[in-house]
Every structure is written in structure tokens, then in C-alpha cells.
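Q: Chain by chain, the residues:
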Amino acid sequence: MTDATVRAWDEEEGWGILDSGETPGGCWAHFSVIEMPGFRSLTPGQKVTMEWESAEQDGFQYRAVRIVVAG
Amino acid sequence: MFAHFAKRAAFLAAISAISIGLGTTPSSAAGEHTFTPQNPSYNGNDPRGNFSAQIQYSTARLQWGWQLSPATAEPATGLMDETADLYCNGRSVVHDSHPGVSPRYFIHASAPLGNRMTSCNWDLKAHEEFPIARGKRTIDLDFPFIIAPA
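Sequence order for the protein chains is A and H.
Be aware that the first sequence starts at 5, since it is given in my numbering, and climbs by one per residue.
Be aware that the second sequence starts at 950, since it is given in my numbering, and climbs by one per residue.
Bear in mind the hints are in silico, worked out from the structure with no lab data behind them.
What you are looking at is a predicted structure, and each value in this text was computed from that prediction instead of being measured.
Glycine included, C-beta positions come from ideal geometry on N, C-alpha and C.
Any given hint could turn out to be false.
Restraint-style ranges between C-beta atoms, simulated for each label pair [as the list claims (entries may be wrong)]:
| # | chain 1 | residue 1 | chain 2 | residue 2 | range |
| --- | --- | --- | --- | --- | --- |
| 1 | A | G29 | H | S1068 | 35 to 45 angstroms |
| 2 | H | G1039 | A | G49 | 21 to 31 angstroms |
| 3 | A | E60 | H | R997 | 40 to 50 angstroms |
| 4 | A | D14 | H | N994 | 18 to 28 angstroms |
| 5 | A | G25 | H | T983 | 21 to 31 angstroms |
Which residues of chain A face chain H? A few of them, derived with a C-beta cut under 8 angstroms, are [to be verified]:
| # | residue |
| --- | --- |
| 6 | E16 |
| 7 | E17 |
| 8 | W19 |
| 9 | H34 |
| 10 | F35 |
| 11 | F43 |
| 12 | R44 |
| 13 | P48 |
| 14 | E60 |
| 15 | Q61 |
| 16 | A74 |
Chain H is faced by these chain A residues, among others (derived, beta-carbon under 8 angstroms) [what the hints assert, rightly or not]:
| # | residue |
| --- | --- |
| 17 | G29 |
| 18 | S36 |
| 19 | G42 |
| 20 | R67 |
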């Protein structure tokens, strides 16, 4: 798990971009990998921890596979 | 940044076929999944892929995503074409497609449900196909659901 900050989140589409030291250029993230109850969404500036994989996804080289919202 | 893919993918004849019937919550007579304000999210994982959907009640919108597992995508020898339709009471009301993407691409989309959000018997159907060494593999997803009022 690595610390990350939410750069942008599209509330309508349910995905966004996270920044971390391990994912230069940004990491693509979908609501489905967020570990939280109820409607899953993130807010720009929010601090999270995440696991990621290398991938080609919508112009990004990294894709989140698990996101845990900081308590 | 958030450009939406909207080009229609061409259908090709399928030589091999896999149907994925996602597990649904038996919370209605017809066996559909029921979204509620208390439980607006759904994860339906299958050995052949992971499917998720959620309802944004405040804007009457469906968000969903679907990704094939590494084992399902591994035989691919080329790019995948995907198309999806959202049906309200059997009638297609939203169409979406992702032509020419990697078989491991994370398919994602959203759709407005409008004032019929809680009155429809919804059905999300997606179709994916990609070439394999001896023909094509097709994968179909069918997710019937209803939405309880807030």
C-alpha cells in the first residue's frame, strides 16, 4: 500500500486520478476498488492509501486495484 | 480528461462463447438485484471478470465497471470490442461502446436514469469479443436490477 492524494474525481462517471510517489503522471482509479460502505466516491485533495498495477488505462500508466480511505 | 467513449463497435460472428451470469441478490420476485438508498453499491465478481455498479440517488445516475480477469483475457491475440445497452422494461435507452481496447481494459460507463429511475425493470447487457488463436471469444454480461425509492 502506498499513500496517495486524490487529484481529481468525476462524480458523474465514478472515476478519477490519484497521485503518489510510486505512480508518476497519475494513477487511474474506479469507484469499484474503493473500500467503503454506501455510495463509493472520493474528493479532490483527499488522502488515501492504495495498491496499484501497471496498465494502459485512459492515457494513464497505472491503475488502482485497491483504495482505502484514511480514517 | 474525462472524455467519454461513444463510438459504436462492430459486431462480428462469435466462434466461441462464454456467458457470464452475475450473481444477484434474490431480493425480488424476478431475481434482480435491488439497489436501495442504504445499499446503493453492488460488486458481482466472477472467475471470468469483476463487475461493479452503483446508483447515485442524488442525480439519478447509474455508474458501472467491468473488467475481465487475467485468465479470461490471456488467450487474446488482439484487441477487444465491447458494447453495452441499458434496458428499461425491455427497451434500450442507453448505448455505450468501447471498440479496440485491450482485453484487460477496465470498461466503465455511467448512464442517466431520469424520472423513471424507480419505475423500470432495468437490465444492463454487455457484450465483449476478441480474437484468439482459433477464432474469437465472446463474453456476455447480463445484470437485471431494480431501484428502490429513497
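Q: Which numbered hints does this structure break?
A: Going through the list in order, the structure violates hints 2, 3, 5, 13, 16, 17 and respects the others.
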